[in-house]
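Knowing the structure of chain A, use the given hints to seat chain B on it.
Heads up: the protein sequence lines correspond to chains A and B, in order. Here the first sequence is numbered in the working numbering, starting from 10 and rising by one per residue. Here the second sequence is numbered in the working numbering, starting from -6 and rising by one per residue.
Simulated from the structure, these hints should not be mistaken for lab results. Among the hints, erroneous ones may be present.
[As the list claims (entries may be wrong)] Examples of chain A residues lying across from chain B (beta carbon under 7 Å, computed): (1) 25; (2) 34; (3) 54; (4) 62; (5) 76; (6) 82; (7) 85; (8) 90; (9) 214; (10) 220.
Even for Gly, the Cβ is constructed at its ideal location relative to N, Cα and C.
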Amino acid sequence: MGLALLVVIWLITLASTYFFVAKTWWLPVGAAEAAGFIDGQFALTLVLMGIVFLAAQLSLGYFAWRYREQPSSPPVDYSHGSVKLELVWTVLTTVLFVGLNLMGSRVWASQRFDQAGPGAVQVEVTGMQFAWYFRYPGPDGKYAPTSVKLMDPSAGGEAALGLNTSDPDEDDVVTGTMYLPVDREVDVSLRSVDVIHSFFVPSLRFKQDAVPGLNIHMHFKPTAIGEYEILCAELCGLGHYKMHGMVHVVSQEDFNQWLAAREAEKH
Amino acid sequence: MATSATAHAHAAPQGFIRKYIFSLDHKVIGLQYFFLALTAVWVGMFLSLLMRIHLIFPAASLPLVGEIKPETYLSLLTMHGTIMVFFVLTTAPQGGFGNYFLPIQIGAPDMAFPVLNMLSFWTTFVGFVVILAAFFVQGGAPLHGWTGYPPLSALQSAGPGEGLGADLWITSIAIFCLASLMGALNFLTTTLDMRAKGMTMMRMPLTVWSWFITAILGLLAFGVLLSAGILLLMDRNLGTSFYVPLVVVNGQIMGHKGGSPLLWQHLFWFFGHPEVYIAILPGMGVTSQILSTFSRKPIFGYKAMVYAMLSIGFFGFMVWGHHMFMSGMSPYSAFAFSLLTMCIGVPSAIKTFNWLGTMYKARIRFQTPMLYAIGFVSLFVSGGLSGPFLAQPVLDIQLHDTYFVVGHFHLIMGVAAIFGMFAATYYWFPKMFGRMMNETWGRVHFFITLIGTYAIFMPMHYLGIAGGTRRYSQYTEVAYLTKLMPIHQFMTYAAIITISAQFIFVINLFWSMFKGPKASDNPWESTTLEWTTTTPPPHDNFGA
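Isolated chain A, as found in the complex:
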């Protein structure tokens, strides 16, 4: 029975480890500034936890076989434990866990404590059962006022966000697909009109809940041209699984052209 345990535990351990090492399924290719650090920190954590995982599981299997009761086995080593070993182990794990934590905090701080720089592209992201809307402030650089009384999701676009479409000063661009210029910081302002949603772009290593009643500012910088998928990561109702969108990261010129064309459509 000891041998059976050893074989089963070791096989499970090695098979589980194999898929982490072989990266059969892995993080999508990173396309934002933060991806380098996040992926590195993930890899470091994986190596450290992997060592502990292998050491613990392999010894568990080994002990089960090595110390199985047999007629020839020696009497047990009658021990109540060792204070010295406990202390060494406690200090080691504390250093490991707290160290990992402190390493990661720098990037967390730069992303979440600091404001976006002055040259950042402004985009407002609004979640609504079950769609994402993106709003750009238009030539005046300011978001026009919205009103819940004017909200009409069935009309889509500007009406869904409650913009006053009959106001000639309202020049905001509202779209269902997000366009961003490459290598420029994006100042995202996240809102939700009904329940909690979560704006998740795996390739950009970005996730943040959109909470009704809050206006959450976040910033990130896409670094590779391409099309990336947007998902909702917070359970928001029956259409949660299909609350899907796309972000197109394009060159600055293409972005300017695209935005100018949307503004032209308005007038």
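What follows is chain B alone, placed relative to chain A:
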């Protein structure tokens, strides 16, 4: 202590109803909790089977539920989580085994408050009936997940199931909280006041320590959830706005103003994180007990184990914010919660170290309880080591609300805790029913279940790393998610095999109850007090 024991003494009941239904005997009540949890776990497991089948055969019509619509899937998931967390993971380890064995292990004739004990079981039972009722009302069971985040859970128009079904869901949880508060009070008083002469705190078995600390957690956590639930009921039915700000659902302005959705998350996780330890601590206790018994050695580092459990309990109340890194909570507090969460990994590491130390240079006997205890250690390690990923906010950006989290918590608070329950069942069955369970079938059940649970829950980590979001009723709408379907297929087949193997357990359990070989008073040659009395124990435990 002898005086308090006599003060609580009550004569053995005679009639069937007082003996088996409205019993005051902690042993009968323990069995009632055990069988309630056994019923609940089959309901919860059946729901998970439906979900797993639906994920790989989206169009299939399934037994009892028919075609699974997205909202059906979400209500399966909500009810699976709620039933498993409350009526299985909280009910069996503490209410079941704790009730049966805590008094005997400290040399007491019964719980401190036998009537309260009976009430707490029957209140739990009512809670279970109420949650099952949610399946049968108009609109069906709620779809807001076991975490029930408002505004989704607070607004009837936010989705199907958010009508009466959601009210029943909250009511059931509130009833469960009341029952758990009564239970916690009883466990604490019994442990503090009813110990036999010479049974000092630092001589108590680690099982008793684990039930004692769990009771402290329960007392502090369930009160908060109860209040949170009442506020949610008020938001839903009395027009208050604790959790709901001004929102527009489907073009309709809701009549709420100024509430905070984050308030619920704080209150819920203030309960929710200690709840993880409520589920797992008794498993740790019984694992320590069994490893020591079957290794023929005292537990390695008894004092370190006690302090580790106490610090897990203490830190358990300071880490709830790690569920909320992406919620919009202040990023500064995320920093503090993250550091404290890493700290809670330390006592968990100490426990693993001591379990291995107990097996070191031992003479291990491999009866089924020992297999399950070793399985517990393995799953605890595997589930625990994904914690330091999720505890780092920068990594949580990518992993939050993906299957990585689902894999993590199922391994550690789901199946590890269930392995603790299996270990406890195989271990204490002879004392509870006077007969032995079948060893061969016990071993077959163990190996299929161990390999099966790893096959179900380990791939969830790969799925999560690749961006596989959780709570999606279908993986067909997003291009890169469809590529992850092979992982889902593998997990579903593993789940079907593992769930089928549970029939081996149930048949073994009931067959052995009536046909198993008679058990001696101490078949495992264990050292705690329950093995010094007759099998099964008499009404007042020691025949005094």
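Worksheet entry | Hints violated by the structure (numbers, ascending) | none
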